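Each protein sequence line maps, in turn, to chains A and B.
Everything in the first sequence is counted per the numbering used here, starting at 1 for the first residue and increasing by one.
Everything in the second sequence is counted per the numbering used here, starting at 1 for the first residue and increasing by one.
No lab work stands behind these hints: they were computed from the structure.
Quantities reported herein were computed from a predicted structural model and do not represent experimental measurements.
C-beta atoms are modelled at their ideal positions from N, C-alpha and C, and glycine is treated no differently.
Take the hints with a grain of salt, since some may be wrong.
Claimed, not checked - Pair ranges (Cβ atoms, derived):
(1) Pro-284(A) to Arg-7(B): 53 to 61 angstroms
(2) Pro-281(B) to Val-232(A): 40 to 48 angstroms
(3) Arg-7(B) to Leu-355(A): 36 to 44 angstroms
(4) Leu-76(A) to Arg-130(B): 56 to 64 angstroms
Claimed, not checked - Quick partial rundown of chain A residues pointing at chain B, CB under 10 angstroms, derived from the structure:
(5) Pro-167
(6) Gln-257
(7) Gly-263
(8) Glu-297
(9) Val-345
(10) Gly-350
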Amino acid sequence: MKRPDLKIIVPTLLLTALGMLIIYSTGGRHYLIRQLLFLPVALAGMFAAYAIPQRVFHDMAGLLYGVILLLLVLVLFFGKGIGSKRWFMLGPVAFQPSEFAKLATVLLLARSLASCRNPLFTWKTLFVPSIICLVPAILVITEPDLSAALVLAVILASMLYWAGFRPLHILLLFTPLISFAAGFSLYTWIPFFVFLGIIMLIRTNLFRTLLALLVGSLFGLLSPISFSLLKVYQRARIRNFLAPWLDPHGVGWNAIQSRIAIGSGRLTGKGFLSGTQTRLGFLPNRHTDFAFSCVGEEFGFIGSILLVGLFALIIHRFLIAARFSRDSFSSLVGIGCAAILSYQVFINIGMLLGLIPITGVPLPFISYGGSSLVLNYIIVGLILNFATKPQ
Amino acid sequence: MENKLKRLTQILLILFGILSLRLVQLQLVQGKRYARLSDRNRIRKIILPGPRGRIFDRTGKLIADTRPSFTVSVIPTEMDDSTLPVLARLLKLEPEKLNRLVKPIAFMSSPVKVKRNLDRTTAFAIEENRFRLSGVRISVDPVRSYPTAGLYCHILGHLGEIGRQELKKDTTHRLLDYIGRDGIEARYENLLRGHDGCEYIEIDARGHEIGPLPEKRSAPAVPGKDLYLTVDQRLQGLAYRLISQYDKAAVVGIEIKTGAVLCLASRPGFDPGIFTQAISPKTWDSLVSNPNKPFFNRAVNAGYPPGSAFKPIVALAALNQGIVTTRTRFKPCSGSFHYGNRIYKCWTRHGSLNLLGAITQSCNIYFYQLGLKLGLDSLVSFCKSLPLGKPTGIDLPTENPGIIPSRKWLDSRYGKWTKGILLNFAIGQGEILVTPLQMALTYAAIANNGKYHEPYLLDHIDSAGKTIRNISTTKHEIRSEPEYLDQIKLALERVVEHGTGKIARLKEITIAGKTGTAQNPKGLDHAWFVGYAPAEKPLVVFAVLVEHAGHGGVVAAPIARQLIRRYFSIETP
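Just chain B, with the same shape it has in the complex:
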């Protein structure tokens, strides 16, 4: 009896010992982990997306907005069997497709976005069917929209979903977040980005929200900063319209006194809004396969030979070298020029011209001889102080530096080269490559007694009612005597007065500028016009380039004329 009692007591002790040890293990040893699991059970963290900052033009017109849009998300672990078919029907999606989307994330207990930019009707339909859609959430997310569609596309760039690789480096972004991919959106990503807030909500086992959690404080979403650009919608709109008749073209307008970019347009363009909508494969293909490359910003990223628009620069270099004066004459223009064993042509027979006349009439023969006299090294060294052959410093993510071919550059590229190459350079042809922005800036420097500012697009930031001006503009000066600049300015005035650019002439305002017709082996010449106004007290400079369009004086000059007319608010008669 006593023995059996002892035995049974021992068994009892072992059994209760097991229970007690297990309690120690669960509650004391692993308690922290289970407490966390219990919290994860009942607490749902809800991300409150911080809206992206808006973008305005200089007059306060909205050009990039952030508006609420409905997003449907699912919490896979809270869905039941009937959820998917109902949701698919409401979203007008194939149940199969939705299933494939949700299957790989079936273990997740946090919301995963399924579809963005729901229309109002669908969003309300889902909300009404909520009781049949366990694990489905509708949230209102701020989404970028562009009220002016493609008008500012190359300035603004566009957004894109962040990639998985980028996410590894960037811990502040989440999967499916949008970030700036080009233009201002990319350049000022850090300013524009809103900072997500979060909210903790207690839920029950069925996933129904009970209410906010008092012990965990919510963090409010912080919107991104609003940017005000230097661009002027009146000019941008006109520039966009004027070049839209051409396949490939670019326009830049700059305020001379500050370097502020007033307009910057490139053809062809695109609507940046498609990136934040559900982009259809067809639209995407047509954009990507377009041989004219709609995403390419020709005003900043394309290099062109400047053609005759380069002649004033050559002339300025020669004047500063002291090898010519404005009255110097060379062998008269007979329409062609023999050098080495080649014949170099002019576009007409000019006869005898002095330097001013040669610029006004854009005589090649005069500039061949001037170029030979000036020499490559002097030309290149003069160009060093110009905004050519190097990035201008505009606040865009990418920029083509262009090429001013030096002796070293030619050596490394060709090994042996003849002096004949210099004849081409003197009329802005050959290996010289410039961007429309660089040309506008160069002419701004000529117009402004040799001084020019780094161009910029961001005027000021508006953050919570406080205005922060963008004062990063750097001043540069070209190495030229003021009197030579005045002489070139006179010549440019005459170009529009009665020279090759006379189509650009305006009664009310004196325009000064230079046409250019850049030869190119692949088709019609590129048409250039770079000009500023008023000639007496320059305020604004425009560079216009139209690819494969013919003569600069015919095609490009009228565009500049229209823009200057708009800038000075001269009504069309």
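Same shape as in the complex, but just chain A:
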């Protein structure tokens, strides 16, 4: 067996330890014990992913993908959750298939793209990868879990880029999606279209530019219509991101209190177990999605920047691993895993810092939650497995 990359393992273990402290601080002994019980499972998952030959993953990717799709369908009928159907309850343990859908998609996508010899912007080359992402995306949107669907888009984009597609083509592929998202507000829609127009004019000709803008605006028009079809809480989240002060005690309360918690930590923090925002219940879901607020409050800027640094280090090592993989399948899996991790870290911390709307994304290794912990350890195991020569 080869020597695993310590620059991945050590930060992972450090983050996990920090996560345990935060779970104890925010959720108490009860949640700490439950999370500690998941740790052996997660470690076993990591060792399995590390030990199982890479070929098995390549060959089983389709089967795994199929099983996950089945689970995603089943969760729509038998799932549990607050206002959505996301979990299976296996006795006392909640199992969230959408977490594992990310990895299954990455594996199948990697296999599909690795077989593609000629990465050109054609229907043939883009159809299969897009479908691989679209099917689970539609299923998780139905739950509904918008952020779990968005991660699939990020995975697709980064893996297409890694496979050799031109950024412009990827942009064009995502134009309907982006213009749909930007269409909620003219303040985002107009800048996006100006940007898209300029890029297209520089890189292609006038006809293609107009075509892209036309398709884009069609999808952009759809979003105000679909906005009215959104669930009330989703609409509230978008509105509250744009103007949290309108309703300081409603959904915007979370965003404000999270910022107060992090900001009031200042340089050194209020000290372990001394965060008043956390202790006195000003933060919602503080042991899950809002765990980073507690890090910011109790450990201050030093603790927060250390945490961000550890994540940056891990993700950077993922990229290095992808660069030095033995084959293109492994390499693509590395990029996909880096995308999964980056997306979660940036979205979670970004929302708690008030940079993006509040969505339900846990922070890897830190937030309470078994499925997330196990998945992220499996990802680490895969990376350690696929990396040939850690530099």
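Please build the complex by placing chain B on the supplied structure of chain A, with the hints as guidance.
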């Protein structure tokens, strides 16, 4: 490959750079502000109201108390939808009304008073329903109450809520605080006021109190100082009762040796307690629209012509000028007196009288002639040393200085005036205006060989067991030879002995005094009696005025007699 790795690393760097910069901004640049917000989240400052000082009479009877009362407050940001309807039901208020009250302050996160003086049952009902009333607090606030109701109303004045304009100038008060609006409550506001303390309590996100905050020390409330007044409840109570049969009247009693005010009553009055209760619009309207002006302190703020009660002063002036002696006689009284082209009347035919007789019998004809002989300037200049025509200096917020019309005053007012005006002045009519307090003080000076003290109501202060005496009394002296004062005193003694004031006579004590019947164009005459006792060694002086009641000897003198009898504790036979 290498190129793409570089590109992705760059994207990664940008993303994490954004996160790091945002952390710098929130935690390092704006950290102080967020720390303050976090404290404001969890720390609730609770005001501990400092109770207002109590007020006692000279015998230690409580006349203004501070007792605990239940106040319900709301913290608007902590209320939920079910709070208002439940609270409205418990307070027996219209939910609409309560909603209108709370709506404009919905952003506030500190307690705002909603209703004061809750009865015990309501307060307990709210306390029991606490779990359904998030954001509602019951506090025990000290509230002024007056156990003697309206007995001391014009001495004490009343309280009122501080206005928004006043708050701008005064930083130590808070909105809805009460301050003294009149009387002793206003005059000694600074002594009476308690100083609020505060307490810091840690609360959780639901507004539940966790406990005191160790790192922020509480400041205890400091109660205001207790005041002991010079007034005597026995006399005040009697004075109040005696004048309550009249629509408009005033009584002042003063201790001659000190200037201490023993009683001071005015009719009509009011109950100062209504200002600290929830005053109903009906009660308020009836007080404000009452033409007799219940808030007006007639003993101190109303100016009346002194009538015949002024005659001893004219006589004293003439004696000191050396233009008459006690035996001087003028043209006999035939009931009327011709001067210029007018006829000036007397109330009866007195025949020939000397000065003493003229005072005793209150003969106008004698004083018309005396006035003419004395002249305006001599009279005015003599009055300068008397407590007339200027404030007495009593420790009340407002005081009517009265008018002693000088030549200059008459010139500026009338331009041309005839000497006939002097005839009116000589019998205390016309433009001369005095307050009952000024008359009491003037007679105190006559009784006390020309010396008088500035009148005062505050006897001493009790602050944390220490007694601080009020020794600000200033002494004054009137410009008169002692022998003339003795002569006037003799005349005043005779007034009660067998003159116009004989109704006031007492077997046990010799009273000296003078009646007065001030003409007034709007109705019946005002009745005056000013007198002191005992005549030989004067201790106490009373001035009684009853508006539109008729003759002073009939109406006012019996009131003074009763008060003197009470002062010397003479049992009614």
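Here is how each hint holds up against the structure:
1. Pro-284(A) to Arg-7(B): 53 to 61 angstroms: 38 angstroms, violated
2. Pro-281(B) to Val-232(A): 40 to 48 angstroms: 46 angstroms, holds
3. Arg-7(B) to Leu-355(A): 36 to 44 angstroms: With Cβ atoms ~22 angstroms apart, the hint is violated.
4. Leu-76(A) to Arg-130(B): 56 to 64 angstroms: Taking Cβ atoms as reference, Leu-76(A) and Arg-130(B) lie about 44 angstroms apart, which means the hint is violated.
5. Pro-167: 9 angstroms, holds
6. Gln-257: Result: holds, 8 angstroms to nearest chain B Cβ.
7. Gly-263: 3 angstroms, holds
8. Glu-297: 8 angstroms, holds
9. Val-345: 8 angstroms, holds
10. Gly-350: Gly-350(A) check passes; min Cβ-Cβ to chain B is 7 angstroms, inside 10 angstroms.
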